[in-house]
Each structure stands twice: as structure tokens, then as C-alpha cells.
Amino acid sequence: MNDDDRERADRAEAVHRQLIEALEAISEGFTLYDAEDRLVAFNRRFRDDCSGVPQMVRVGMCFEDMIRSVAEQGVILTGERSIEEWVAWRLAQRRDPGPPFKLERGDGRRLMISERRTRNGGIVAIYTDITELEEQRECLEAQMRLTEEARHQLTEALESIAEGFAIFDAEDRLVLYNSRFKEHFVTPVDVVEPGLRFEDLLRAVVARGTIPREYASGEQYVTERLAQHREPVGPYQFTRSDGVCVQISEHRTRDGDYVAVYSDITELERHRHRLEELVTERTAELQSTTEALRRSQDDLRRARDQAERASQAKGEFLANMSHEIRTPMNGVIGVAELLERTTLNEQQAEYVALIQKSADTLLGLINNILDFSKIEAGRLELEATPFPLRDTLSDTLQTLSLHAADKGLELAVHIPPEVPDRVLGDPVRLRQVVVNLVGNAIKFTERGEVVVDLRLVARETGRIRLGVEIRDTGIGIPVAKRHRIFEAFGQADSSTTRQSGGTGLGLSIAAQLVEMMGGHIEVREGLDGRGSRFVFEIDLEVLEDGAAMSPPGLKGIDVLVVDDNATNRRILDEILAGWGMHPVCVESGREALAALARAEQAGECFPLALLDMMMPHMDGLALAARIRAHPSHAAMPILMLSSGGRSGDVTRRRRLGIARLLLKPLKQSELLDAIGEALGDTGAAKRSSESVAPATVTPRRVLLVEDGRINQQVACDLLRQRGHAVVLAENGRQAVDTVAREAFDVVLMDIHMPVMDGLEAARAIRGAGYRLPIVAMTASATREDREHCLAAGMDDFVSKPFRAAELYAAVERSEGVKETGQEVVGGVTSDALISAAVPGGVEAAPEAGQLPCLDWAGALKALDGNHEMLVEMVEMFRHEGPRLMAEIDTALAAGEVRALRRAAHTLKGSAQVVGGLAAGEAARRLEALAKTGELARAVSAREALARRLDELMPALEATCRDEGD
Numbered sequence: 001m002n003d004d005d006r007e008r009a010d011r012a013e014a015v016h017r018q019l020i021e022a023l024e025a026i027s028e029g030f031t032l033y034d035a036e037d038r039l040v041a042f043n044r045r046f047r048d049d050c051s052g053v054p055q056m057v058r059v060g061m062c063f064e065d066m067i068r069s070v071a072e073q074g075v076i077l078t079g080e081r082s083i084e085e086w087v088a089w090r091l092a093q094r095r096d097p098g099p100p101f102k103l104e105r106g107d108g109r110r111l112m113i114s115e116r117r118t119r120n121g122g123i124v125a126i127y128t129d130i131t132e133l134e135e136q137r138e139c140l141e142a143q144m145r146l147t148e149e150a151r152h153q154l155t156e157a158l159e160s161i162a163e164g165f166a167i168f169d170a171e172d173r174l175v176l177y178n179s180r181f182k183e184h185f186v187t188p189v190d191v192v193e194p195g196l197r198f199e200d201l202l203r204a205v206v207a208r209g210t211i212p213r214e215y216a217s218g219e220q221y222v223t224e225r226l227a228q229h230r231e232p233v234g235p236y237q238f239t240r241s242d243g244v245c246v247q248i249s250e251h252r253t254r255d256g257d258y259v260a261v262y263s264d265i266t267e268l269e270r271h272r273h274r275l276e277e278l279v280t281e282r283t284a285e286l287q288s289t290t291e292a293l294r295r296s297q298d299d300l301r302r303a304r305d306q307a308e309r310a311s312q313a314k315g316e317f318l319a320n321m322s323h324e325i326r327t328p329m330n331g332v333i334g335v336a337e338l339l340e341r342t343t344l345n346e347q348q349a350e351y352v353a354l355i356q357k358s359a360d361t362l363l364g365l366i367n368n369i370l371d372f373s374k375i376e377a378g379r380l381e382l383e384a385t386p387f388p389l390r391d392t393l394s395d396t397l398q399t400l401s402l403h404a405a406d407k408g409l410e411l412a413v414h415i416p417p418e419v420p421d422r423v424l425g426d427p428v429r430l431r432q433v434v435v436n437l438v439g440n441a442i443k444f445t446e447r448g449e450v451v452v453d454l455r456l457v458a459r460e461t462g463r464i465r466l467g468v469e470i471r472d473t474g475i476g477i478p479v480a481k482r483h484r485i486f487e488a489f490g491q492a493d494s495s496t497t498r499q500s501g502g503t504g505l506g507l508s509i510a511a512q513l514v515e516m517m518g519g520h521i522e523v524r525e526g527l528d529g530r531g532s533r534f535v536f537e538i539d540l541e542v543l544e545d546g547a548a549m550s551p552p553g554l555k556g557i558d559v560l561v562v563d564d565n566a567t568n569r570r571i572l573d574e575i576l577a578g579w580g581m582h583p584v585c586v587e588s589g590r591e592a593l594a595a596l597a598r599a600e601q602a603g604e605c606f607p608l609a610l611l612d613m614m615m616p617h618m619d620g621l622a623l624a625a626r627i628r629a630h631p632s633h634a635a636m637p638i639l640m641l642s643s644g645g646r647s648g649d650v651t652r653r654r655r656l657g658i659a660r661l662l663l664k665p666l667k668q669s670e671l672l673d674a675i676g677e678a679l680g681d682t683g684a685a686k687r688s689s690e691s692v693a694p695a696t697v698t699p700r701r702v703l704l705v706e707d708g709r710i711n712q713q714v715a716c717d718l719l720r721q722r723g724h725a726v727v728l729a730e731n732g733r734q735a736v737d738t739v740a741r742e743a744f745d746v747v748l749m750d751i752h753m754p755v756m757d758g759l760e761a762a763r764a765i766r767g768a769g770y771r772l773p774i775v776a777m778t779a780s781a782t783r784e785d786r787e788h789c790l791a792a793g794m795d796d797f798v799s800k801p802f803r804a805a806e807l808y809a810a811v812e813r814s815e816g817v818k819e820t821g822q823e824v825v826g827g828v829t830s831d832a833l834i835s836a837a838v839p840g841g842v843e844a845a846p847e848a849g850q851l852p853c854l855d856w857a858g859a860l861k862a863l864d865g866n867h868e869m870l871v872e873m874v875e876m877f878r879h880e881g882p883r884l885m886a887e888i889d890t891a892l893a894a895g896e897v898r899a900l901r902r903a904a905h906t907l908k909g910s911a912q913v914v915g916g917l918a919a920g921e922a923a924r925r926l927e928a929l930a931k932t933g934e935l936a937r938a939v940s941a942r943e944a945l946a947r948r949l950d951e952l953m954p955a956l957e958a959t960c961r962d963e964g965d
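Numbering (the numbering used here), first residue to last: 1 to 965.
Bear in mind the hints are in silico, worked out from the structure with no lab data behind them.
Be careful, since some hints might not be right.
[Said to hold, decoys possible] Taking CB as the label site, the calculated pair distances span:
1) Val939 to Gln306: 37 to 45 Å
2) Glu872 to Ala458: 45 to 53 Å
3) Cys139 to Glu515: 49 to 57 Å
4) Met112 to Ala88: 52 to 60 Å
5) Ser160 to Gly195: 20 to 28 Å
6) Ala458 to Gly769: 35 to 43 Å
7) Ala886 to Pro699: 52 to 60 Å
8) Ser160 to Gly462: 39 to 47 Å
9) Gln143 to Ser241: 42 to 50 Å
Ideal Cβ placement from N, Cα and C applies to all residues, glycine included.
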């Protein structure tokens, strides 16, 4: 090869490289086939992105081989053609290339292929990925279809309205109008067409001589109408020459277009003129009666004053009547209780029981009459108090469970997980409604069940609408009589032969309370035509975002649930599943044993079992004995569920290793604690959603002013465990002196103390100029007592018996007092302090007999699960209780009401700390009588308190012994 040949070869090589680089630089795929359809050249874009079979693409490859391969592998979609038909079609196109065509790949990508023959018979092909362009085209077509459809709908809508409608563009040319505009509102119909200028339309009106009557000339009409049209300021109207009155509303759009709506108001104008005539006539008549109305105002005012005085007299009469009836009734009850303690024969004991039952019924009637009179007089106000919804309803129903169990009824409550727990409302009145309705259901149900079913009706920010249904399987209420049962003194059965007593006030009061809570109560037929359903809805504020508890550590744990009642099984299944557990629910002991056998065959076992105490054929204790007899399940923790306090043989339960006995209807917090304890999860047993980790708490120096030894010990231990320093003062005088000597972050002040009470001490501290926070520790919840605390200079309060979380919150949120017209401590204003008071007093309190003798779980929860502290408090109470009773007897004998009130107050707080709810309530009644100076009634109250203590002491001893075992 000579130099010229070499130079030409180099130039050809350079041109080839440039051609290859150019092909690689383009965004389309490129191929070149020779006349025999073999691949000569291609770029990476074709091989990697367009071919779909990059492993096959190589120089010398036959075109037919490639298209057959992509068709067989589904890389290219062949549509309705078979593979052979598609290959033949593609080869035919190849032989005679035409315009560009499209192919769709199996992965959804779309290609545009353009092929051309070269001079030597080869084929050049360009592959363009048009997937995005096709999607944009389809989207645009869909939008155009939607636009056309919307335009069609708009046109139909415009044609359907009675008004004339027209749009003029920014150049004042008619763009869109309906037939009503053309045929009714424009006199020269023939000139109306798209593109017509507004001014030309006006001049056509003038030319036809149909200008409105208000204008003197056509030019004036055109000029003023154009000005109104181009600068619209509001609707205006005119009357055409044919008498039609037209109102026009125009406005300009953002694009400068004009939208006009024409309304025929001829009839409206006629009516307006007629109304004006009537108004003129009526004005004359009213003027003639105005003087008579003025003269009657004084009469109406006098009648109103008389009605108010009558209403006040009615309330005072009912209050006085209540007091006058209660005084002899307490004597009757006291004497009956004393008589009951004497030696009586069987007939005499029945008479005494009848006296006590009748007296209790009469007291209930008096309470209902007082509530009814308060509602009628508009004096009953709802409170706004934070409370746990689930525990409140469970506690309320547990007070009724004994009555239900005596009749052999199942009492249950169902609260779905989505219902929030921490709410703000009036728990006392909600309990009153539930007690009325559930008590009524129990009264009229002889067999079956009574169920309280809640549902979340609606939820907004910070508020919920709660639906409540109380259903029973009782006798039901006829449709014709359902409207009467909510009337005062109305009853479904008012005959002289009716079997159930009552005044008919309870349901009337419940209905009015529900209306005050924003709802309405109604009665419906029961499920499957049996019994009745009382349904109502109320509004509550939500204090937290979460709904039901979602405890850690329980997820995935299997649990065996045995209960013969389907409602209870459904409720337990929902609760346990909501906690992440896997419940297996069966209805009998036989099915439970079968479930255990199946688990054993599968090599598994249940970590926990929940057994109902009362079941047919095989009760809970018998089933527990069968389970304990089986080696594989002998160590399984068992929780027993009981209705109405039917606890069975305590010794047998202890022998069978029953971890805990729970009262139905179940309280979810107690169930969670029991499961945590049974499974050895102390964190679950001691959970407290309101407590703060001690590591995050700033230690405070606290002055505790309290004369009761047990309350002293509880408060000191709880606060010191939290890391706070506590200094103790036993009366108000010591507190004043201590504050003068030492610096404190907060003062916890009891109200009732010897030497100087809490109110006087607070006034003395404030009078000396000290502004440190003072937190009242009070068992009273009335608005009046809270106002007294504020007036004395106190900033916050803790209700006694206090819970650990509440005590911590009061101490740790106290940051001082801000002068803003209200006293504020930690975000709590004086208004909020007063509004937190709940209805109290002697009449609103629950009967001691309705409260359990001992609430050990509640006392343990109040001490943040500290079992050792509670046992220590019980030991102190066993010595402190008799001493305080001796002080009560001494005060009664001497007629010293202050000493009596103080001793009863201290005993009340001490009993409540150890869970003695019935004894605490009895002490509270004695304290209230001492406060009003009713020493005669205090004697019987003292006897009732002694009986409650006699019940409490052995219960505490037995519980401590059981817990120790």
C-alpha cells in the first residue's frame, strides 16, 4: 500500500469513527441492514433500550430471527395476530417501507419506527421511544373529552335555568348565551349571535324602539347602559317598554370577560308593591295597638316577677320538704339499723328489712324530686371535669352488678377501641343517667342480659359525639306507651295492678340531663323483638388523641377465654385483640378442654386463661380444677371472672392458684393490671399514663400540712420516692411559722386541722406577703368549697384520697402565681379550679351500701402500684381507726361539733387511702352532719360508720394475708 492509499484509508477510518460517534450521540435507536437483511451497524440506544433483546443484537444477525424472537418472548405485543401472522406482516412492511408506524412493547413502552431503503438495497431504521409523547397525547385527549363533556353539561345547565345568561369577552363580543337570554330578555331576537358586540346589541334595541321607560332618549340609554356594563357595581333593574321588569347582575372575570345574569322580576315587583300597601295598612293598625301593648307591659312584668317568686318558693319548699322528711327518715333508718342488731325472730327480721327497704326507696324518691325541681327551675348546671370514660362507666355498672346477679342477669359494657378514654364532661350526671337507665332495665328484666353499648358517632378536633345504647331482654314497652315514659311521673304501666313500683321521675330526669349534654333520648324495640333499647347521644371534649389503651408486651400472646355469654365473649375478644393478643373464645368448659387439647397436640400451650365463674354444666372453679389436673397446663395463670360478687370458695380458689378474681362488668384498667401481674409484667401492672419519668422531674421542696397520720405517711412516701424534699407540719399554725422560717417551692395544705385550719393558714401566709403556690388537699368537690379555697389565696387542689399521678401533677406543675386578673399555677386558672367542682353534698353522694367494702385494686393504683406502701398503710389504719373512733365518741358525748367534724374528716381520708370506700363514705356523712350541727342524726351515722369499719377490718386482714401468700 502506497502513501496515498494509506492516507485515504486513514481518512475513511476517521470518517467511520465520526459516523459511529454521531450515531451513538443521537437519542434514537439506529440500525443498518444490508440487502440480505443482515445487521451491518447499530448504536447502543437500539441495542440496550429499543431492541428488548440486547443479548441477541450483533453484527450479521438476521432481521427475521430478531423479530421472531421478540414476538415469541413477548417483548413486542402482537395484538390479535398470531406470532406467525405478525412476523409475516412485519416482513411485508420491511420489503416495502412506508410511513412511520408504532409498536407497543410488553413492558408498556411504545416505539415509533421509521424505515428507508438505501441505494444498494439495504434498510436504515430509526427507533424513537414515544412512550411519554403517547401518554401526553392520551392525557390531552382525555382532558379534551372531559372539557367537551363539561361544556356540554354547562350548556345543558344554562338551558335549564329560568334566568337569561350571557358571557361577553374582553372586547365586548358575545361568546356564550342560553336560549332564555335570546328569546325572553332581548327584544330583537334575530340579531343575537356569537360575536355580536354589546354596543351593537344596545343600538339594535334602540332601532326597534324598545328602550326602557326610564330613559328619555335612545342615546342616553346606550351611554348609561354601556357605563353600567363596563363598570358593574351591583344588581340593577329597569322596566321595558312592554312592562316586563328585568334585573341584571353583572361582574367581570379575571380575564376581563363580562358575565351577565338576567332575571324576570315582574311578579316580584307586583308582590312588592302589594306588600308595601299591606305594610302601610298594618302600620296604621300597629300604631293603634302600640299604646295598648305599652299599657300591658307593666302587667306582664308583674306576672313575670310573680312567676319567678313562685318558682323560687317551689324550690325552697322542696328543699325544706327534703330536709324535714330526711330528719325523721334518718331516725327511722337509724332505729331500724339498731333494731336489726338486736335478737329478732324470722318474722321480726322481715319487718325490719321491709322498713329499711321502704326508707331507702323514699330517700331515692326525695333525691329524684330535688333533681327534678332543680332542672325545672333552671338551677342545675353541668360541670366540666376530666374523667376516664371506661373506668367511670365500669365503676358505675359494678355498683349495679349485685342487683343484676341476684336476678340471674348478665350485665356487660362494650366500649370500642376507637372511643377516646380521657374526656371532659360531667361524670356525675353521666353516671346518673346510666344508673337510671340500667337500673330500670334490670328492674323490668327477669332473664337474659343488660348491655351498655357505646359507639363513636362523629369526631372533630377536640370533640366527639358519643352514642350510648342500653338494651335488655325484658318485657319491653308497647309502642303506644313509649312517648309517656319520659314524662314526669309518667309510666308505661300506670294501672293499679302493675308489678313494678317507682314514681316515673327517673327517666324524665335522665331525658332532661341528656338534652343538657347536647343529645336526645329515645326508646326502641329490642333486638329480635325482645326487650327494649334506650338510645341517646351526647357531646364530650377529648383530652387526648389516643382511644383505648395499647399496652406494650402483650402483642402476640395467646389467651383462652371461657364464658357462656356471647356478649361477654365478643367484648373480651375485642378488648384483648385491641391489645395485640390472640384470644380464643369458647362458651363452655368442655370446649375449653378441647381447645387446650388441640393446642397440646400442636406442641403449644396457652400462656393465660380467663374463666367465667358461673357457667352451666361445668363452672369456672370446676374447669380450673380440670386444667390444674393436667401436667401440661398446671402452671398456666388463670384469671376468674365473677358477676355480682360471687367469688366462690376463697380457700378453693387459693388452692387452685387463681391469680386474681375480677368483677363483671370488667373494668379494662383492672383487667390490664391483672393480665400484667399474671404474666409477670410489672410494667403493665404499674402503668400510669399521667406520670412522668423521675429522671425528667425537677426536685421540689414541699411543705406538707396534714394532721392525719396515714395521709402524712402516704404523701411523704410518694413525694420522696419521686425525689422531692418534704417538710411536715401538723396544723395551720405550724405551717405559717415554717413558711416564715424556710423557703419552699410549694405548700400542700389540708383544709380541716386542729389549732388553725387550712383556709385560715392560707390567708395568713398570703397576708404576710408570701406568693409561693398553695395546693389545697380536700375531699370536698363542691363549687362553694372550691371558691372558699380561692378566696383564701390557694392556687390549685388535689382531691382526697389522692392518686399518685394527681399528687405529682399538682406539685410539679406549680410554678408561681401570675397577676393576670386570675390566679394561675401551671396553666390552671381560678375559673378552671371552680369549674372542676362536681355536684356534692349529702344528697348527691352515693349510698354507702352501693359502694364496695374494699377496693384493693383502686387503692393500689392510687399508690402507683406500690404494694409494700399499701400494706404499711393498712397496718397504720388498723391502729389509727380505733383511735379516731374513740375521738368521735368523745366529741359526740361532749357535743363538740368541730372536734367531731375533724375526727370524721381524718377517718374518712384514712379509710379511702386503704380502699375502704364504704367506710370512707360513712365517715363523710358523719362529717357532713357535724358541719351542719345535726348531732341528733350524727348518732345513727356513727353507728353506720362503726358497722362499715367492722366489715372493713377483717376484709383488710384477709386481703393482706392472701396477698402475702
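Now the hints, each set against the structure:
With their beta carbons about 44 Å apart, Val939 and Gln306 fall inside the hinted range of 37 to 45 Å. Evaluation of the 45 to 53 Å hint for Glu872 and Ala458 yields a pass: the beta carbon distance comes to about 48 Å. Checking the proposed 49 to 57 Å range against Cys139 and Glu515 shows it holds: the Cβ atoms sit about 56 Å from each other. One distance hint, 52 to 60 Å for the beta-carbon pair Met112 and Ala88, is violated here, with the actual separation near 22 Å.
For Ser160 paired with Gly195, a C-beta distance near 25 Å keeps the hint of 20 to 28 Å intact. The hint said 35 to 43 Å for the Cβ distance between Ala458 and Gly769, and at roughly 52 Å that hint is violated. Between Ala886 and Pro699 the Cβ separation comes to about 39 Å, which falls outside the hinted range of 52 to 60 Å. The hinted range of 39 to 47 Å is satisfied by Ser160 and Gly462, whose Cβ atoms lie roughly 43 Å apart.
Checked against the hint of 42 to 50 Å, the C-beta distance between Gln143 and Ser241 comes to roughly 47 Å, which is consistent with it.
This entry does not satisfy hints 4, 6, 7, going by the numbered hints stated previously.
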